[in-house]
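Engineer: The task is simple: from the sequences and hints, build the whole structure.
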Amino acid sequence: MKNLQHLNKYFYKYKWKLLIGLVITIAARIFAIYYIPFIGKSTVIIEKYINGTVTDISTVKSELAFNIMLIIGTTLVSAFFTFLMRQTFIVVSRHMEYDLKNEVFQHYQDLSLNFYKKNRTGDLMNRISEDVSKVRLYLGPAIMYSVTTFTSTIVVLIFMLKSAPGLTLYTVIPLPILSFAIYKLSVAIHQRSTVVQQYLSRLNTFTQESFSGIAVIKSYGIEPQTNDNFTELSNGSRDKNIDLVKVQAFFFPLMVLLIGISNIIVIYVGGRKIISGEIENIDVLVEFILYVNMLTWPVASIGWVTSLVQQAEASQERINEFLSEKPEITNPKSEPDTINGTIEFKNVSFTYDDTNITALKNVSFKVSKGETLAIIGKTGSGKSTILELIGRLYDIDQGEILIDERNIESLNLESLRESIGYVPQDAFLFSDSIRNNIKFGKTEASEEEIIAAAKNASVHKNIMGFSKGYDTVLGERGITLSGGQKQRVSIARAIIHDPEILLFDDCLSAVDTETEEEILNNLFEITKDKTTIIVSHRISSAKNADKIIILEDGQIVQKGTHQQLLDTPGYYKELYAKQLNEKEM
Numbered sequence: 001m002k003n004l005q006h007l008n009k010y011f012y013k014y015k016w017k018l019l020i021g022l023v024i025t026i027a028a029r030i031f032a033i034y035y036i037p038f039i040g041k042s043t044v045i046i047e048k049y050i051n052g053t054v055t056d057i058s059t060v061k062s063e064l065a066f067n068i069m070l071i072i073g074t075t076l077v078s079a080f081f082t083f084l085m086r087q088t089f090i091v092v093s094r095h096m097e098y099d100l101k102n103e104v105f106q107h108y109q110d111l112s113l114n115f116y117k118k119n120r121t122g123d124l125m126n127r128i129s130e131d132v133s134k135v136r137l138y139l140g141p142a143i144m145y146s147v148t149t150f151t152s153t154i155v156v157l158i159f160m161l162k163s164a165p166g167l168t169l170y171t172v173i174p175l176p177i178l179s180f181a182i183y184k185l186s187v188a189i190h191q192r193s194t195v196v197q198q199y200l201s202r203l204n205t206f207t208q209e210s211f212s213g214i215a216v217i218k219s220y221g222i223e224p225q226t227n228d229n230f231t232e233l234s235n236g237s238r239d240k241n242i243d244l245v246k247v248q249a250f251f252f253p254l255m256v257l258l259i260g261i262s263n264i265i266v267i268y269v270g271g272r273k274i275i276s277g278e279i280e281n282i283d284v285l286v287e288f289i290l291y292v293n294m295l296t297w298p299v300a301s302i303g304w305v306t307s308l309v310q311q312a313e314a315s316q317e318r319i320n321e322f323l324s325e326k327p328e329i330t331n332p333k334s335e336p337d338t339i340n341g342t343i344e345f346k347n348v349s350f351t352y353d354d355t356n357i358t359a360l361k362n363v364s365f366k367v368s369k370g371e372t373l374a375i376i377g378k379t380g381s382g383k384s385t386i387l388e389l390i391g392r393l394y395d396i397d398q399g400e401i402l403i404d405e406r407n408i409e410s411l412n413l414e415s416l417r418e419s420i421g422y423v424p425q426d427a428f429l430f431s432d433s434i435r436n437n438i439k440f441g442k443t444e445a446s447e448e449e450i451i452a453a454a455k456n457a458s459v460h461k462n463i464m465g466f467s468k469g470y471d472t473v474l475g476e477r478g479i480t481l482s483g484g485q486k487q488r489v490s491i492a493r494a495i496i497h498d499p500e501i502l503l504f505d506d507c508l509s510a511v512d513t514e515t516e517e518e519i520l521n522n523l524f525e526i527t528k529d530k531t532t533i534i535v536s537h538r539i540s541s542a543k544n545a546d547k548i549i550i551l552e553d554g555q556i557v558q559k560g561t562h563q564q565l566l567d568t569p570g571y572y573k574e575l576y577a578k579q580l581n582e583k584e585m
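Take the sequence shown: its position 353, counting from 1, is numbered 353 in UniProt numbering, and each next residue is one higher.
I should point out that these hints are in silico values taken from the structure, not numbers from a laboratory.
Don't take every hint at face value.
Simulated crosslink set (SDA-like; lysine to any residue; CA at most 25 Å straight-line) [to be verified]:
#: 1; residue 1: 118; residue 2: 413
#: 2; residue 1: 578; residue 2: 555
#: 3; residue 1: 326; residue 2: 304
#: 4; residue 1: 117; residue 2: 22
#: 5; residue 1: 361; residue 2: 22
#: 6; residue 1: 118; residue 2: 349
#: 7; residue 1: 573; residue 2: 556
#: 8; residue 1: 573; residue 2: 356
#: 9; residue 1: 15; residue 2: 113
#: 10; residue 1: 13; residue 2: 107
#: 11; residue 1: 118; residue 2: 202
#: 12; residue 1: 162; residue 2: 9
#: 13; residue 1: 366; residue 2: 418
#: 14; residue 1: 578; residue 2: 509
#: 15; residue 1: 162; residue 2: 34
#: 16; residue 1: 543; residue 2: 521
#: 17; residue 1: 17; residue 2: 67
#: 18; residue 1: 543; residue 2: 371
#: 19; residue 1: 326; residue 2: 371
#: 20; residue 1: 333; residue 2: 409
#: 21; residue 1: 162; residue 2: 294
#: 22; residue 1: 117; residue 2: 351
#: 23; residue 1: 346; residue 2: 412
#: 24; residue 1: 528; residue 2: 544
#: 25; residue 1: 41; residue 2: 13
#: 26; residue 1: 468; residue 2: 432
#: 27; residue 1: 455; residue 2: 468
#: 28; residue 1: 184; residue 2: 147
#: 29; residue 1: 162; residue 2: 184
#: 30; residue 1: 117; residue 2: 425
#: 31; residue 1: 117; residue 2: 322
#: 32; residue 1: 9; residue 2: 30
Because the structure is a prediction, the values reported are computed rather than measured.
Structural biologist: This is how it looks when you write it as structure tokens:
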């Protein structure tokens with residue numbers, strides 16, 4: 001139960017509603033049991049009439065009618081309180097589930113990129129969906145039936161002790177056996193539940209990756225192999241679930257067996273006491289049998305509740321694993337900062353933790369507000385890393401990054417990122433309309449602003465070519481669009497945000513040179529008063545920049561303007577000549 005202690009704050013938050021639920025439960029159980037003595041009294045009346053002790057049939061009928069009315073009345077009241085009980089506990093559990101999911105999702109957002117490189121999307125989704133659902137069953141039904149079982153047992157024992165204390169002791173003989181069995185089975189359920197959830201995460205991860213990469217699977221014709229792998233995972237998940245169910249199946253028969261033993265003890269011992277005269281009326285025996293049988297469902301539910309608790313414990317343990325992860329990037333202060341856009345790198349070095357690859361080595365440069373910097377280099381030279389560090393997606397190992405002459409690690413993280421418009425090479429679009437994907441950069445944007453941003457990104461004509469225009473709903477990750485169209489919609493999203501800093505990570509790689517030229521001319525007008533950094537493999541994207549740096553193996557090997565670099569032998573001049581020849585061909 002150690003892992004479930006994390007949920008105590010939610011119990012405290014809803015303590016008054018839970019307390020009301022407890023009172024309602026006690027009332028429901030009292031009324032559910034209150035009618036039993038009237039059944040005993042009715043038995044005595046009938047017995048006396050049969051024995052001839054009472055001869056007035058009208059008296060017998062009136063007393064029986066009165067008892068029946070009381071039984072019906074208490075049953076209806078009990079049913080009403082039971083309805084209120086379920087409404088209270090189940091509704092509260094849904095609120096707790098909502099709070100827990102929000103807590104997990106918020107924590108996911110706070111965690112750094114390294115966390116997502118080490119964990120798979122399917123596993124993340126399983127913990128916030130399936131695992132939280134398992135915990136919800138503990139917060140709702142398990143708690144509700146635990147309270148019901150406890151109150152029913154206490155109330156029944158009070159009535160039994162009041163009726164015949166000696167006979168009550170015999171009925172609790174099976175309880176030690178029950179406690180031991182519950183303990184042993186609980187341990188097995190916890191272990192097997194953990195394995196079941198792990199397999200479910202693996203299954204979800206495989207499914208998610210298969211659907212996301214369906215184009216690759218079809219292109220290589222490996223559907224049969226993929227199906228075989230999925231079948232193997234499914235069979236493993238099925239077998240582990242069967243192992244869990246086998247253990248859970250012991251509970252209910254065991255509970256019923258122990259209740260049956262209690263009934264036998266009551267009949268045997270009670271019968272002997274009636275014969276010996278220790279118990280005068282048979283109504284005591286009738287009542288005891290009813291009391292014991294009223295415990296059948298509460299006691300039997302112990303097994304089910306125990307199973308729910310153990311599954312919730314296993315799931316909460318998995319949730320806590322991620323909740324205990326500390327974000328590597330933290331916000332140093334709550335007060336907002338004003339960002340103008342001047343960026344300076346001073347001897348910056350950075351190594352990725354997950355791969356131990358040193359991406360940057362003593363990199364230094366400065367870009368003032370209103371200037372454009374182009375970064376050119378081979379794949380893996382560290383170009384994209386620079387953009388990620390400006391957004392403080394990682395913290396550097398050595399050196400210093402200054403924004404407006406202030407250390408980036410001292411700035412309000414939200415203010416910093418709100419001042420940046422970032423366009424990655426692999427443009428990510430949401431499964432929503434094109435309009436909403438562009439408005440993602442500015443949710444309150446007008447239709448005129450959306451169209452203007454699309455025109456500046458040279459994608460407006462393409463959008464209008466769709467039957468539904470800007471209302472066209474995209475597939476997952478924007479699969480409806482071509483690579484170039486996705487990049488241009490992503491550029492429109494950054495433009496409409498109107499940030500102080502614009503970062504373009506080779507985001508024109510999938511467009512033709514004519515469209516690239518059009519977009520760059522539009523950007524030249526837009527970025528006059530902004531700090532702009534363009535990462536590219538093309539000289540055409542970099543030639544109009546105020547400054548150009550050439551990266552190789554994480555180091556700056558050349559820097560200058562377009563003309564200065566053309567006048568200097570090196571990588572830039574060679575690349576320019578190569579791309580010029582390709583263009584002429």
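Engineer: Does residue 184 pair with residue 147 here, judged by a C-alpha cut-off of 25 Å?
Structural biologist: 22 Å, holds
Engineer: Just to be careful, I want the Cα atoms of residue 118 and residue 413 compared with a cutoff of 25 Å; is the pair within it?
Structural biologist: 23 Å, holds
Engineer: Against the 25 Å threshold, does the CA-CA distance of residue 326 and residue 371 hold or violate the hint?
Structural biologist: 37 Å, violated
Engineer: Please verify whether residue 578 and residue 555 have alpha carbons no more than 25 Å apart.
Structural biologist: 23 Å, holds
Engineer: Regarding the pair residue 117 and residue 322, is the alpha-carbon distance no greater than 25 Å?
Structural biologist: Distance ~14 Å between residue 117 and residue 322 Cα, so the pair holds.
Engineer: Taken at face value, is the distance from the CA of residue 371 to the CA of residue 543 at most 25 Å?
Structural biologist: Holds - the C-alpha atoms of residue 371 and residue 543 are around 13 Å apart, at most 25 Å.
Engineer: Holds or violated: residue 578 and residue 509, Cα atoms, limit 25 Å.
Structural biologist: 17 Å, holds
Engineer: For residue 9 and residue 30, compute the direct alpha-carbon distance and say whether it is at most 25 Å.
Structural biologist: 30 Å, violated
Engineer: Could you grab the alpha-carbon distance between residue 326 and residue 304 and see if it respects the 25 Å cut-off?
Structural biologist: The given pair, whose Cα atoms are some 35 Å apart, is violated under the 25 Å limit.
Engineer: Would the hint linking residue 573 and residue 556 be met if the CA-CA limit is 25 Å?
Structural biologist: 15 Å, holds
Engineer: Going straight from one Cα to the other, do residue 117 and residue 351 come out at no more than 25 Å?
Structural biologist: With Cα atoms ~15 Å apart, residue 117 and residue 351 stay inside 25 Å; holds.
Engineer: Would you check the hint for residue 543 and residue 521, treating anything up to 25 Å between C-alpha atoms as holding?
Structural biologist: 12 Å, holds
Checked against the numbered hints above, the structure breaks hints 3, 4, 5, 8, 9, 12, 17, 19, 25, 29, 32 and satisfies the rest.
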